[in-house]
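Chain residues, written in single-letter form:
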Amino acid sequence: MTLTLILEQIFNGLQAGVTLFLVAAGLTLILGIMDFVFLAHGAQVMIGAYAAAAITQATGNFFVGLGLAIPVTFASGYLLELLIIRHLYQRDHMEQVLATFGLILFFNEAIRIGFGPAALYSDLPESISGFVEILPETPYPAYRLGVIAIGLICALAIHLFVSKTRIGAMVRAGANNPEMTAALGINIKILFRLIFATGACLAGVAGMMLGPLTSVQPGMGEPLLILSLVVIIIGGIGSVRGAFIAAIIVGLVDTLGRVFLPSILRLFFEQATADGAGPALASMLVYILMAVVLIFRPTGLFPAKG
Amino acid sequence: MMANPVLDLRDLNKSFGALTATNNLSLTVMPGEIHALIGPNGAGKTTLIQQIYGALKPDSGQIFLNGRDLTGLSVPERIRAGIGRSFQISNVLMDFTVLENGIIAEQARLGQSFRFLRPAFSDANLIEGASAILDRVGLLDRAHLPVGGLAHGDRRMLELALALAASPSLLLLDEPMAGAGPDEGQRMTEIIEALRGTVAILLIEHDMDAVFRLADRLTVLVEGSVIAAGTVAEISQNKVVKSAYLGDED
Amino acid sequence: MTGLFHFANLVRAGIRDNQLLWMLVAGFALFPLFTHFADLPFWNDVAMRIMLLGVAAMGLNLVLGYGGMVSFGHAAFIGIGAYCVGISQFFGLSNGLFHILLSIGVCGALGLVIGYLALRTTGIYFIMITLAFAQMLFFLFVSLEQFGGDDGMSIDRADFLIIDLYEPLRLYFLIWVALALVALLLMFIVRSRFGVTLRAIKSNESRIEAMGLVPLHFKITSYVISAMICGLAGTLFASWQEYVSPDIMHWTRSGELMIIIILGGIGTLAGPLLGAIVFLLLEEFLPVALGAVAPAYAENWMILFGPLLIMVVLFGRGGLVGLLDKAIFSRIFRRRMAVK
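Protein chains in written order, with my numbering: chain A, 1 to 306; chain L, 1 to 250; chain Y, 1 to 340.
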């Protein structure tokens, strides 16, 4: 019974972790390579979720919704970079905060006008709403397993792309030393735009997959944005590998902490104290983790810049 | 009897990966002397200055200032122990006027920077102290100009004035003539000349005329090692130096 | 980047930053007279909110504008200040002076810890870390069920012995006194030896080190002071709103504080207050303006406000805000100077 619960929660943690990684992967490169404070990355999650939900509703097919939403998010990232973001690279960080904050307000309001303020719920198609036995007598939702699998496949693909391809080499060089990359004659403008659009697309994929698990509503990406910032701080800005490891850690710590911390505290304190402090402590756990990492490794676990 | 050295470097070593920037280097600067450090680009001159200043940690070896071991101290602690530094690239407060630069240096010298009440820029005592700092380099008549609007040479002068503000016992001058025109170089040389005897100076400079005119002693650095040290006359006769370094200049 | 008004122009025109600040503070002292005779009592409420946001923004401006530290988590200190009132009252402590001292103390201590951790880093890291710590406190209060959790807790106006804050205008002038005191405090700090050193650190940190000073000491001190000022604003905010919930420390509130400062003029004394006025007026009138054009969408005024922020950044000097400045302000002053 307990083992089943623990296993189930570990899988939930993994699912949260890979979702976080999809959001953080692009963002860590945007922050690291472009030195650009992009707060509206959470909006890309929302755009992905809404695109998938809207297309699913229109076509009646969940998989068509997912499939068509991917190019939509890529295009939205591409256009955003082209129209606005590229004019902001040379500005100071505070102006970037201000402008991307403005973007968040705009996107949230636009979604509210277009789809209404209420949350959308999308049902999973029959074919993937079942359970899979991960261990004998331990059923786990098939869809969540699918999310973990897609997240891991994406992570592997990003890893191979960054470490094996020519563009990936440019990305790594960019994370290490942006001036050098520019001096090498690499077309940094195109590189930036592609990183941006790909990052938006990955965040969008996270949003699409989350859609059926949570409610699709304006501002839904923001909690994810903040958590992915924690992931990036822990992993080291500009490091995709750091983002992956930190995302899994944060996903597990957050999920397991919320479920098990109150009962762990009950072993040491009175029931009333434990029940009061448990949820409070659990909600702060990942931030405490971040603070501890900061004390010992101020530039994160895997700093990209040397 | 020999006086005690102001700066005493003992067996300093510093390497960056495979590159040895400082190789078993020992060097002294005596009170009141101008000690010039010369060598080709990449010889490790600025790396050495950075270690004395505290911005880089030597891998091994010790740094003594007036007999006190500075090796483990931070930059601000070393400044308070008596080191002043001018930087290769002007490092002044660009958003302030010349006088305000002097005032900020003066209040730092007096240890008054942590006061919250009286306005700093209109304080008569601070203005007086700052004026004295600026007067040493002949900037008093430009005191009310914003630094952003100063000529390059005047910025170099202000840089020197700020380095001198706290009356250091050792002054590290990292290419004070860098980027200066002939007239500005001449002015800078005269001001440094006037400092001789009042403060010990470790000077890095590429302008050989200025070095030969100013230096009491010279140390020649190649690839992180001292290849020769001595008076200007000794060094200019030294065959090793001629072939390794000075010869290239002809 | 320039604020709503070019202060350099004002200085040339003979109006000093601090004079503008005191003109505004005096204006708020007289404002209730105007609302009384114009019979617009609602606007006293708006003015109180402006002053509260102005005080908080002034506190943030000390680190943001003068110290160059882009803190994205100052709403947390406002929230802590407000919760100090709520939690004190929960335990039966109703003295308003005690609330103020408590929240200043708690925010100072918290500012020290967060500042120490966050200031180990710079740039993007600093922005994100201050944001993350603020979120941590946000989620802490969301999960504290005994203090209302997500729904928050209602608050009685604090007890200031002989002053009854439920009497008309008492709270207004309490807030005004806080505003005036904070304005005075900041005027002194900014011009003091500490203040000029802080500004010099923003300008060139390594030169300050080369003067034998430790920049971190100045940064942390200013961070703690600004946290305390935001805590004070939060305390009064609780009395004004008679309610506190985690929403007060939501990260978008930190963003709003930054917007206020940038709109008004960063690194100036009057800027934050001016920015608070502009921000709240936009909040009041953008829905009205939008409603006049498209009645169904009056509530969605953010759809205009977001792009407005982007325009302010993109076109900075020459854009909308710069245009306002050039068109109105410098013309008035040029004329006045010509008369002289």
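Possibly wrong hints are sitting among the right ones.
[Said to hold, decoys possible] Selected chain Y positions facing chain A (Cβ under 7 angstroms, derived; list incomplete): (1) R120; (2) I262; (3) G291; (4) G306.
[Stated by the list, open to error] What the simulated footprint calls covered on chain L by chain Y, stretch by stretch (three residues with Cβ under 8 angstroms from a Cβ of chain Y suffice, anywhere in the stretch; the number is not a length): (5) 21-35; (6) 89-99; (7) 196-210.
FYI, nobody ran anything at the bench for these hints, they're computed from the structure.
For every residue, glycine included, the Cβ atom is placed at its ideal position computed from N, Cα and C.
(request) Give me the numbers of the hints this structure contradicts, sorted from smallest to largest. (result) Hints 3, 5 and 7 contradicted; others consistent.
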